[in-house]
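Under our numbering, the sequence shown has 25 at position 25, and the numbering climbs by one with no breaks.
Quick caveat, the hints were computed from the structure, so don't treat them as lab data. By construction, the Cβ of each residue, glycine as well, lies at the ideal position given by its N, Cα and C atoms. Hints are all accurate, no fakes.
Label-pair ranges, simulated between beta-carbon atoms:
| no. | residue 1 | residue 2 | range |
| --- | --- | --- | --- |
| 1 | W72 | F43 | 38 to 44 Å |
| 2 | A75 | K41 | 48 to 54 Å |
| 3 | L69 | I47 | 29 to 35 Å |
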Amino acid sequence: MNIINLKASKVKNKKMSVSEREIEEHRYKWLYFHGKDVRTKKFQKKINKKPTLTNAILINTAIILGCILMIWILANLVG
Numbered sequence: 001m002n003i004i005n006l007k008a009s010k011v012k013n014k015k016m017s018v019s020e021r022e023i024e025e026h027r028y029k030w031l032y033f034h035g036k037d038v039r040t041k042k043f044q045k046k047i048n049k050k051p052t053l054t055n056a057i058l059i060n061t062a063i064i065l066g067c068i069l070m071i072w073i074l075a076n077l078v079g
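Build the full structure now, drawing on both the sequences and the hints.
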């Protein structure tokens with residue numbers, strides 16, 4: 001048995017304290033999101049999908065039109 005395997009076996013056999021166990025449980029809570037395993041490639045692609053230019057243009061247009069509509073409604077209510 002070489003030194004690396006010996007160290008690994010010592011780490012595996014070491015009993016964790018309560019706080020270490022809580023840290024380990026907390027570390028792996030993100031692995032499941034709405035019951036899906038986050039580690040799958042398909043789900044990672046869904047999460048890391050970068051917004052396209054058309055998507056950004058549509059969102060910005062909707063925000064600007066919403067602001068104009070709110071100002072127009074307020075102007076009609078006050079005036």
